[in-house]
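Engineer: Chains as they are written, first to last, in my numbering: chain P, 1 to 154; chain X, 155 to 237.
Simulated from the structure, these hints should not be mistaken for lab results. A few of these clues could be false.
Below, simulated DSBU-like cross-link-like pairs (lysine-lysine); rule was C-alpha separation at most 35 Å, straight line [claimed, not checked]:
| id | chain 1 | residue 1 | chain 2 | residue 2 |
| --- | --- | --- | --- | --- |
| 1 | X | K166 | P | K68 |
| 2 | X | K156 | X | K217 |
| 3 | P | K58 | X | K156 |
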Amino acid sequence: MIRVQREDFDTGAELARLSADNLGVGGVAAFVGLVRDMAGDETLTAMELEHYPGMTEKALADIEAEAKRRWPLEASLIIHRHGTLEPGDRIVLVATASAHRQAAFEACQFLVDWLKTKAPFWKREETAGGHRWVDARSADDTQAARWESGKAAG
Amino acid sequence: MKIVYFAWLREKTGCAEEEVSPPESVTDVRGLVEWLCSRGDGYAEAFADLGPVRVAVNLEYVKLDQAVGPDDEVAFFPPVTGG
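Given these sequences and hints, build the entire structure.
Structural biologist: And the structure:
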């Protein structure tokens with residue numbers, strides 16, 4: 001399931017819902033992304049998250065479908081926020097449920113790695129000195145590329 | 155043709171979304187970018203270096219040689235930084 005929203009989410013409630021009514025789930029893996037309080041050497045006062053409505057949902061659905069193709073998942077969930085966030089705020093929740101832990105762990109990391117490099121979101125950091133758009137990190141591309149060819153982590 | 159811009163491409167062009175009617179000589183994304191650059195300094199600055207510019211046509215990532223037509227939605231944006 002995909003959700004793109006301004007509002008915060010309740011991590012515990014979301015994870016409980018993911019495995020509710022499905023006794024075939026043996027494990028749930030989750031990643032929660034948070035806003036840090038530093039932007040380089042400066043103190044971050046706020047973060048603005050812009051996205052491309054329409055393409056965002058499509059890109060996330062494509063990524064989720066790919067994860068389901070590669071791993072035997074009972075359920076998966078991606079919640080990504082947009083709008084103005086503050087240090088400590090939750091940005092994203094990625095969760096996967098499977099019969100066994102390995103599929104849940106791997107699929108969760110795959111979803112995070114691919115959404116970071118494919119889903120059309122952009123972060124703008126606000127500090128006392130002004131604002132700047134966050135640059136994409138080549139390390140994120142490297143991380144995502146690990147999943148390009150193979151089925152599982154190499 | 156609908157064009158949308160995001161992040162610093164939106165700021166440099168001064169435009170989030172616009173309807174345009176490029177000349178018939180514009181057949182692909184590269185040609186569209188060249189035509190857009192002729193429309194003002196903000197566009198020329200935004201597209202001065204195409205290295206960090208990503209393009210989507212009808213919500214799918216494409217390369218600069220992708221064909222475009224009047225019914226397409228074309229998006230220009232920097233490398234994504236979500237998550």
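Engineer: Within 35 Å, alpha carbon to alpha carbon, are K166 (chain X) and K68 (chain P)?
Structural biologist: violated (39 Å)
Engineer: Against the 35 Å threshold, does the CA-CA distance of K58 (chain P) and K156 (chain X) hold or violate the hint?
Structural biologist: holds (18 Å)
Engineer: Would the hint linking K156 (chain X) and K217 (chain X) be met if the CA-CA limit is 35 Å?
Structural biologist: holds (18 Å)
Of the numbered hints listed earlier, the single one contradicted by the structure is hint 1.
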